[in-house]
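Visitor: The primary structure of each chain is shown beneath.
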Amino acid sequence: MSQALRQRLFDQLDALVLIDPHTHINPHAPAAATLADVLGYHYYTELAHSAGLPKQRIEEPDIEPKEKVRRLVEALAPLDNTIQYSWLMEMAQRLFGFDQERLTIDNWEGLYDAALAKMSQPDWSSQVLRESKLQAVFLTNDFDDPLEGFDTRLYVPCLRTDDLVFHFARTQVRERLQKASGVAVHKVSTLRQALGRLFDRFTRRGARACAISLPPDFAPRRVEPAAAEAALAAVLAGGESAPPERRHELANFMFWTLAEYCAESRLPFDLMIGVNRSVYAAGVYQGQDLYDSRVSLIQYRELFNAFPKVTFPISVLASVTNQELTSYAWIFPNVVTHGHWWYSNTPTFIEHDAAARLEAVPRTKQIGYYSDMYKLEFALPKFAMYKRILAKILAERFVLDRGWSEDRAFDLGRQVLRGNVETVFGV
Amino acid sequence: MSQALRQRLFDQLDALVLIDPHTHINPHAPAAATLADVLGYHYYTELAHSAGLPKQRIEEPDIEPKEKVRRLVEALAPLDNTIQYSWLMEMAQRLFGFDQERLTIDNWEGLYDAALAKMSQPDWSSQVLRESKLQAVFLTNDFDDPLEGFDTRLYVPCLRTDDLVFHFARTQVRERLQKASGVAVHKVSTLRQALGRLFDRFTRRGARACAISLPPDFAPRRVEPAAAEAALAAVLAGGESAPPERRHELANFMFWTLAEYCAESRLPFDLMIGVNRSVYAAGVYQGQDLYDSRVSLIQYRELFNAFPKVTFPISVLASVTNQELTSYAWIFPNVVTHGHWWYSNTPTFIEHDAAARLEAVPRTKQIGYYSDMYKLEFALPKFAMYKRILAKILAERFVLDRGWSEDRAFDLGRQVLRGNVETVFGV
Amino acid sequence: MSQALRQRLFDQLDALVLIDPHTHINPHAPAAATLADVLGYHYYTELAHSAGLPKQRIEEPDIEPKEKVRRLVEALAPLDNTIQYSWLMEMAQRLFGFDQERLTIDNWEGLYDAALAKMSQPDWSSQVLRESKLQAVFLTNDFDDPLEGFDTRLYVPCLRTDDLVFHFARTQVRERLQKASGVAVHKVSTLRQALGRLFDRFTRRGARACAISLPPDFAPRRVEPAAAEAALAAVLAGGESAPPERRHELANFMFWTLAEYCAESRLPFDLMIGVNRSVYAAGVYQGQDLYDSRVSLIQYRELFNAFPKVTFPISVLASVTNQELTSYAWIFPNVVTHGHWWYSNTPTFIEHDAAARLEAVPRTKQIGYYSDMYKLEFALPKFAMYKRILAKILAERFVLDRGWSEDRAFDLGRQVLRGNVETVFGV
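Chains as they are written, first to last, in the numbering used here: chain A, 1219 to 1645; chain B, 1219 to 1645; chain C, 1219 to 1645.
Worth flagging that the hints you see were computed from the coordinates, not collected in a lab. Hints may be right or wrong, so weigh each one.
Copies of one chain are not kept apart here, so a pair can be met inside one copy or by any two copies together.
Claimed, not checked - Below, a list of computed lysine to any residue pairs in the SDA-like style, where the Cα atoms sit at most 20 Å apart:
1. LYS1397 <-> PRO1364
2. LYS1273 <-> ASN1523
3. LYS1527 <-> GLN1274
4. LYS1527 <-> GLY1505
With the hints as extra help, turn the sequences into a complete structure.
Guide: Now the structure itself:
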């Protein structure tokens, strides 16, 4: 009974047209050009490397796409148990008519060619969007992205601020800010002005969120003006040689100022909490980051209290932080749960984490899922994974355990999958 | 098969007469007077506030109960997915004959009036106890509660000690102690004497436990007499201006002394570990506390070793601490698992946490559940939630996975629900 | 459907011949001599003690085995819910023809005598191995174990190094090292030489791993030669009175040197992370250790990066660390997940932890289970528990949720149960 019920709920959820509230899509090249763009996704390169594929095999310069795919396909067998591999198979089957259970050295060329034929069609990205039932896709834009040359209702800008907060000591970042804002930063006042220009440009171009990823030990706090001025002076003078405590102070000031602009611009501030960068520095591209799960939302206490008008959609990297996220969203009006991020984006963790949220956080304050994808082709299998788990939770924990009607359960699913993206981000 | 099995086990568990080992019931007004006492429970006010209801809408002075209910009902829709909302519906249906799935602006008045009619009956609290199959209810009494005017076999006193340990620097707390004990505290010796008087009065009046809630960073340790004397002197002299390290030292001394009196009085010492108070200071009444889940029972190592004769029924606020609780109860003879507290009192966490305990902690050392309620009406739906989950675990993990008979499974359920409350607390 | 599917998968897994990659078997007395060796396992003594059995009842000198069993049987009733108790029952039923559901004061003597008759047969250990389908068993050998007098293909040596890293300040440990290596340690150079001799002897005798258990606060780091020399001098001079920071420095140096020898000897280095020793010092033998679950694999960042050629099969004591283990094994080529250790070796935690690994870690990098047993009789029920859970995960999460064929699911199960033990440890 439960299997059939799950299937019925899945079918209903799967019929919804969605907005993907967090991706890394390049709006000028949203879909893959060859299968190398698919298999080059860090989930495959890092797992293949972890299972034994030398990094240089896939990162040496000038490998032809087809050759790169061949090398990766040779290394895929040890990953065929993973959910990441299942995304690849579901995509291949649904988008490219692949009819095999596994991708092997004996069958990959057919898929490569079939994919290439599809990807070469001029409207391929539109086809993918349609097949994936995606109405719009949020981007992750560098602060100096010109935001020109694409339809911002389809590809919704989002201001990513990691560089400003954590890498302002780099000359290049400061130069990019000056160029993007037209303001030369010498003092806190000009820094504020420069940031204001960014927010102006982004909001004029339809941005719907500001976003940042944060290391586990970050604990934002308000910085006094004099301290901010001194920190900025030290960083402007010393760059990356400035004393770490000054750089840290400036990071705090910058972060706080961004929150102030979010309040002023009525932009939600997506916080993606808990990543340590380059833990495995010899790893493949984008396959080097890990984490320390000993993080607490108590570190954000002062922030949540200081900005009651800013909505904070929060992603946590580790499932052990999910109960805190659930509880903080239950108490703080401005905290919203946001998807299942990265190392927590696998079924066992999604199931545990989503169930906890669905039963204790107001239904209006949960954004079920985002794909985090770099190429459009991944929305379909990733959302499908989430929808299957959501259907399972609704079937087992709401219809069976709590006696809900299927309609009522579906209605909850629809709200976390689609409705709340509209209300939280104002799209 | 599993559904029918779960139902049969639930029906058996649901027929048991229970003792609720931790509540905040006022024995002089144990049941609700109007539905405002029900909807005013912090679970509803804080969730409604989190979903957008301004605090002043429900906290402005002199709102009539019916008007307060109306305002809350208007704000309930965003919570109708939560398990807390389901408690309200199950209570309304079981105690007041409500036959709707949701409480709305169109149907609330009928419920309000039906509830008022019931609540106005002079024997209403007895009716609730009977309908809820409750034989006795533990209280949470301030240390200066006179404990007079109620049947202490039905409403069992329990000495709550947060104020003594954490707020002794407040003049008012010291004055209350002097008044309650008849002892003027000047030295450690008189402090001990005053505390002894409290324990005398509570045990004479049938108290069955001492209890305290503790912040995540508390790590009790024995304080040397000279240090205790100095800390007490500093606090008596400076009150809340006394140096934090002295206040902290005194808190440790006070806590340790309470444990000594528990040993002497043979009272279990309920530890409720992990809450940070007033994290969201602008929140509604009782809806301001959250937590840092980075707490460990290793902080209690010295305590558990020092008091082998004191039983410590332990509640942890975060589910990530549950495995430690399970392990510590498996090793330490004086550690007992105690219910599912607050932010862990939702089905996903209860299921995971209770299953882990049931399969690894001696069956005599687990207290399944307490309601933590402020009004009697909540015992029925809260215990029902727990009993459904317990039935699910017993059905799936014991009968199906381990081949137990239903009788054997029920017997284990009965012991954690009822039997151990008797043996651990001596009722 | 799911129950029958689980049973079919279990039956297939249960037919596999296994290698147990971590035990504490004494190869000179691998099986129990009487039931006292079984009931004397710390899981029973510590749980019985936790439930009320005084320590001296089972630890007073010169108790006859049969009397010891009688005393423990009297104390077993409060444990009959635990999974540990179920190991005992399954073993009694499968190996000794016991046909009761519980072991009681009324039926224990029959079991005692039946077990004694079996255990007295000269080929009893071979019978147990055969019945348990065990082809080989890894040992845990002290560094000065002569490794003589047993078949090292059946009982595979493994160099345990806790004493060297954490107790080198003890005179006795230093004397044992001198005797075992034939090298008098005066300098870092002779320390290296002595350790090298140990690795030589172990690898010549077929050792397949180096192993160590580590406290939660250990964070290995490379120690500069001069600092190592100074630390060694301080410990040689002061023994256990040497300054803690020097002892700690030496522990780090020793650990790092062991990793260097693992690289040189091509031995995997089993890390068992997270145990605090003697937390309950008054507990029964081997029933005193607990943990602080606030540990992170980020503490091992430098190590994993420094030794890309050393495979680290990693066990974590707390389930809350399992997601980090899963993620680190997903990223680092040299990190492998290893079994379900001690306080995480109960069904609820195994199910959650194994499911997370199976869906996100390359299938070649997961060692499903080890028994950790002291007597051969425990492999059968412990592996049976794991295989049931593995069958459940494969049935529900792979066949039903992901549409895998049963053959494909079994194949994954076989690899984590058996195949990876061969490839990771080279047996």
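Visitor: Decide, hint by hint, whether the structure agrees.
Guide: Cross-check of the supplied hints:
no.: 1; hint: LYS1397 <-> PRO1364; result: within (11 Å within a copy, 72 Å between copies)
no.: 2; hint: LYS1273 <-> ASN1523; result: between (45 Å within a copy, 14 Å between copies)
no.: 3; hint: LYS1527 <-> GLN1274; result: between (49 Å within a copy, 17 Å between copies)
no.: 4; hint: LYS1527 <-> GLY1505; result: between (36 Å within a copy, 19 Å between copies)
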